[in-house]
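**Q** Generate coordinates for the entire structure from the input sequences, incorporating the hints supplied.
Per the UniProt record's numbering, the very first residue in the sequence shown carries number 1; after that it's consecutive.
Because the hints were derived from the structure by calculation, they are not lab data. Cβ atoms here follow ideal geometry from the backbone N, Cα and C, with glycine treated the same way. Certain hints may be false.
Computed Cβ-Cβ distance ranges for the label pairs, DEER-style [what the hints assert, rightly or not]:
| id | residue 1 | residue 2 | range |
| --- | --- | --- | --- |
| 1 | Glu97 | Ala665 | 45 to 55 Å |
| 2 | Asp238 | Gln197 | 34 to 44 Å |
| 3 | Glu668 | Ala535 | 37 to 47 Å |
| 4 | Glu374 | Asn411 | 21 to 31 Å |
| 5 | Asp540 | Lys385 | 52 to 62 Å |
| 6 | Glu374 | Gln200 | 25 to 35 Å |
| 7 | Ser438 | Pro6 | 18 to 28 Å |
| 8 | Ala665 | Asp415 | 57 to 67 Å |
| 9 | Glu97 | Gly703 | 48 to 58 Å |
No farther apart than 25 Å at their CA atoms in a straight line, the calculated lysine-lysine pairs in the DSS-like style are these [as the list claims (entries may be wrong)]:
| id | residue 1 | residue 2 |
| --- | --- | --- |
| 10 | Lys551 | Lys653 |
| 11 | Lys573 | Lys454 |
| 12 | Lys385 | Lys352 |
| 13 | Lys518 | Lys675 |
| 14 | Lys395 | Lys413 |
| 15 | Lys573 | Lys653 |
| 16 | Lys413 | Lys385 |
| 17 | Lys653 | Lys22 |
| 18 | Lys454 | Lys551 |
| 19 | Lys373 | Lys385 |
| 20 | Lys358 | Lys377 |
| 21 | Lys675 | Lys706 |
| 22 | Lys308 | Lys246 |
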Amino acid sequence: MAPHSPIPISLFAQTQQKLLLKEHEAEVSSSTLASTAASVSASTRRTLQATGYALTGIVLSQCQTGMGGRVVGEFTADPAISSNSKSTGGQTDASGEPRLGAHGIRVGDVVRVSDISAGGTRKSGKDKDKDSAKSGAAQGVEGVVTRVGERSVWIAFGQSGSGGRPKEDDEGVEELWGKKLWLIKLANDVTYRRMNQTMQRMEKMAESEYTSFMRMAFGHTSTSSVDLDSLGAVEFHDPTLNDSQKEAIRFALASKEIALIHGPPGTGKTHTLIELIRQMVQRNLRVLVCGPSNISVDNIVERLAPHKIPIVRIGHPARLLPSVLDHSLEVLTQTSEAAEIVKDVRKEINDKQASIRKTRNGRERRAIYGDLKELRKEYRERESKCVDNLVRGSKVTLATLHGAGGYQLKNQKFDVVIIDEASQALEAQCWVPLLSASKVVLAGDHLQLPPTVKSSVEKSASNSKTKRAQDKTAKDGEKEANPLPGISLETTLFDRLLSLHGSGIKRMLTIQYRMHDKIMRFPSDELYESKLVAADSVKDRLLNDLPYEVKDTDDTREPLVFWDTQGGDFPEKTEDEELGKKEALLGESKSNEMEAAVVSKHVGNLIEAGVRPEDIAVVTPYNGQLAVLSQLLKEKYPGIELGSVDGFQGREKEAVVVSLVRSNAEHEVGFLGEKRRLNVAMTRPKRHLCICGDSETISRGSGFLKRWMDFLEENADLRYPDSGEMMQGS
Numbered sequence: 001m002a003p004h005s006p007i008p009i010s011l012f013a014q015t016q017q018k019l020l021l022k023e024h025e026a027e028v029s030s031s032t033l034a035s036t037a038a039s040v041s042a043s044t045r046r047t048l049q050a051t052g053y054a055l056t057g058i059v060l061s062q063c064q065t066g067m068g069g070r071v072v073g074e075f076t077a078d079p080a081i082s083s084n085s086k087s088t089g090g091q092t093d094a095s096g097e098p099r100l101g102a103h104g105i106r107v108g109d110v111v112r113v114s115d116i117s118a119g120g121t122r123k124s125g126k127d128k129d130k131d132s133a134k135s136g137a138a139q140g141v142e143g144v145v146t147r148v149g150e151r152s153v154w155i156a157f158g159q160s161g162s163g164g165r166p167k168e169d170d171e172g173v174e175e176l177w178g179k180k181l182w183l184i185k186l187a188n189d190v191t192y193r194r195m196n197q198t199m200q201r202m203e204k205m206a207e208s209e210y211t212s213f214m215r216m217a218f219g220h221t222s223t224s225s226v227d228l229d230s231l232g233a234v235e236f237h238d239p240t241l242n243d244s245q246k247e248a249i250r251f252a253l254a255s256k257e258i259a260l261i262h263g264p265p266g267t268g269k270t271h272t273l274i275e276l277i278r279q280m281v282q283r284n285l286r287v288l289v290c291g292p293s294n295i296s297v298d299n300i301v302e303r304l305a306p307h308k309i310p311i312v313r314i315g316h317p318a319r320l321l322p323s324v325l326d327h328s329l330e331v332l333t334q335t336s337e338a339a340e341i342v343k344d345v346r347k348e349i350n351d352k353q354a355s356i357r358k359t360r361n362g363r364e365r366r367a368i369y370g371d372l373k374e375l376r377k378e379y380r381e382r383e384s385k386c387v388d389n390l391v392r393g394s395k396v397t398l399a400t401l402h403g404a405g406g407y408q409l410k411n412q413k414f415d416v417v418i419i420d421e422a423s424q425a426l427e428a429q430c431w432v433p434l435l436s437a438s439k440v441v442l443a444g445d446h447l448q449l450p451p452t453v454k455s456s457v458e459k460s461a462s463n464s465k466t467k468r469a470q471d472k473t474a475k476d477g478e479k480e481a482n483p484l485p486g487i488s489l490e491t492t493l494f495d496r497l498l499s500l501h502g503s504g505i506k507r508m509l510t511i512q513y514r515m516h517d518k519i520m521r522f523p524s525d526e527l528y529e530s531k532l533v534a535a536d537s538v539k540d541r542l543l544n545d546l547p548y549e550v551k552d553t554d555d556t557r558e559p560l561v562f563w564d565t566q567g568g569d570f571p572e573k574t575e576d577e578e579l580g581k582k583e584a585l586l587g588e589s590k591s592n593e594m595e596a597a598v599v600s601k602h603v604g605n606l607i608e609a610g611v612r613p614e615d616i617a618v619v620t621p622y623n624g625q626l627a628v629l630s631q632l633l634k635e636k637y638p639g640i641e642l643g644s645v646d647g648f649q650g651r652e653k654e655a656v657v658v659s660l661v662r663s664n665a666e667h668e669v670g671f672l673g674e675k676r677r678l679n680v681a682m683t684r685p686k687r688h689l690c691i692c693g694d695s696e697t698i699s700r701g702s703g704f705l706k707r708w709m710d711f712l713e714e715n716a717d718l719r720y721p722d723s724g725e726m727m728q729g730s
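**A** This is the structure we're talking about:
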């Protein structure tokens, strides 16, 4: 596709629908694989938990009525097993309360909660029917995760849209009381349906309905010139802004249709957006702020809240922070004046729910369920009036991208739509709030990881023996699924606008406040045109300068350490060498036990020197390695954070240890070849970055990897582990 050739909008929307369908099928097949585990052993449930698909060893501890009159259940660690932390990963906190083990369940995940014993045996068809009529808990109840804490997970039932059975919500949830439970992640139908509906609407739009932003976004018109002089002098509220941040704000205020704010790691992108929002509100503009995840949106709510701007947060806050909660519709519909209209119905619903547990008579219970259904309907009607009043009265509305497609914003008009973390969202998802937008600001970093696209991961993971035949089939299939060459799900709106209109529509933030200069140097030179500058406050700080006592050792005085395992003594292994096929598929992964021992030793040295475990993160690109590292480190240092590189995007720690895993005679690096993934890994730490890997394997992967290995050899404190010593240590 030529960079400036206009894209037919309806054809683009058709193409997206086909690509989204393939993506949804890939997600459903991986979650079907996971959910077949309803009848599997405890060890497979633990594998599912280690790979982020499940959470086991939980009980239902309370129920409430949530938004839309839905049943919301709180699930906590089962006290009977959390004391046995070795077998479950469960632990207790300082006050002795049971804490959930490490897991990958996140806010917004669609899950099924089931009774552990119910899935233990296979039933004949007749028995199955009898059982499912008798018990919703046997099949499980589906819902959406609304909050995740250390001790509990909250789930709203009846809104999954993935085959959930609303009429059975009350019954199904009731039957979970007193049972030992687990939950499993399912394919997220809600997000898929919202994106698909948006693309269908786009496809059917008449040309006369296209906004000027839409015409520009598809190359039908060029961008209007930006006249900064017309702004006059901008008086900034925040005295700490640097020049590149001020320039980005001025540019975004003056632009007519589009402004991209490029925020490399640690450059204060959110800080800049807060000032931009305040400037827009001052100019009497109504602003809609969206992000791909609850965390990205809550982060902004939290920072906006102290400025006393009328704001409302649509959807469920991901964290129980008072500043976020006070502005969420969840709370506003209970605490504002408008809330009085729903209070009495909520109380009636809660009373009815409590009465269910007191009656054993089937007919009475059915009657109560019928009453509940009617009450919930009335609640929804009253609540939507209340919601409409609240949204109209706010200057700034905040929602996740797919949340912006909900009933709460149906008839609302905004002057500007701001999308944060736009480089981590599928383009179809961005269009949910953008179909009627006249002016858009996208903030993000297109040089970090784009959203994960399962359908293309599956394609690239195909067996190399049949690769040629598959490539041809894939190409033919792609032609069929993709009438617009060059359009793929991996290409984000941020990327596409940048290639369509050039860097004139973008401003980059250049001063970073996170990393030591030595940690920053390679990503800056390789990916950010050497434009990043470390702020004086961070450029020289080390672990031994932490505001608590840390010994001065070879580790704490080094910002950059490279443990080079070169020479083949630290070989990787593929998960299916040890696990059954199902677990291997779930892990889809590689591990390297000897390298994990090097990581463990390095972490031990840092902690011995006085660095607190909660200031250290260990990240790796592979789930298999994550499981190995968890076994080595999690029980020993409960405070340490372990995660995948992809899951750690947007986060930071004082010290980060990265395990690269790959070490093989063929010098294959797999998806380590994705420079954006490594960019994420190497830009998380503030004071100390330790890389563990095999330079011989890694440096053969690409020019970028070769330059990185050369840079580490030249600039890092280079160390070579002794494999004999590691074997004894492990």
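**Q** With reference to the structure, classify each hint as holding or not holding.
**A** Results for each hint:
1. Glu97 / Ala665: 45 to 55 Å: 50 Å, holds
2. Asp238 / Gln197: 34 to 44 Å: With Cβ atoms ~39 Å apart, the hint holds.
3. Glu668 / Ala535: 37 to 47 Å: Because 39 Å falls inside the window, the suggested range holds.
4. Glu374 / Asn411: 21 to 31 Å: Taking Cβ atoms as reference, Glu374 and Asn411 lie about 26 Å apart, which means the hint holds.
5. Asp540 / Lys385: 52 to 62 Å: Holds: the Cβ-Cβ distance is about 58 Å, inside 52 to 62 Å.
6. Glu374 / Gln200: 25 to 35 Å: 33 Å, holds
7. Ser438 / Pro6: 18 to 28 Å: With Cβ atoms ~20 Å apart, the hint holds.
8. Ala665 / Asp415: 57 to 67 Å: Holds, since Ala665 and Asp415 (Cβ atoms, about 60 Å apart) stay within the stated range.
9. Glu97 / Gly703: 48 to 58 Å: At roughly 52 Å between Cβ atoms, Gly703 and Glu97 fall inside 48 to 58 Å, so the hint holds.
10. Lys551 / Lys653: 19 Å, holds
11. Lys573 / Lys454: Since the Cα atoms of Lys573 and Lys454 sit roughly 23 Å apart, the hinted pair holds (cutoff 25 Å).
12. Lys385 / Lys352: This hinted pair holds, its Cα atoms lying about 24 Å apart.
13. Lys518 / Lys675: Judged against 25 Å, a Cα distance of about 19 Å means the pair holds.
14. Lys395 / Lys413: 12 Å, holds
15. Lys573 / Lys653: Judged against 25 Å, a Cα distance of about 29 Å means the pair is violated.
16. Lys413 / Lys385: Roughly 17 Å between the alpha carbons, so the hint for Lys413 and Lys385 holds.
17. Lys653 / Lys22: With Cα atoms ~37 Å apart, Lys653 and Lys22 exceed 25 Å; violated.
18. Lys454 / Lys551: The hint is violated at about 45 Å.
19. Lys373 / Lys385: Holds, because 19 Å separates the two Cα atoms, which is no more than 25 Å.
20. Lys358 / Lys377: Distance ~24 Å between Lys358 and Lys377 Cα, so the pair holds.
21. Lys675 / Lys706: 12 Å, holds
22. Lys308 / Lys246: OK: Lys308 and Lys246 at ~22 Å, within 25 Å.
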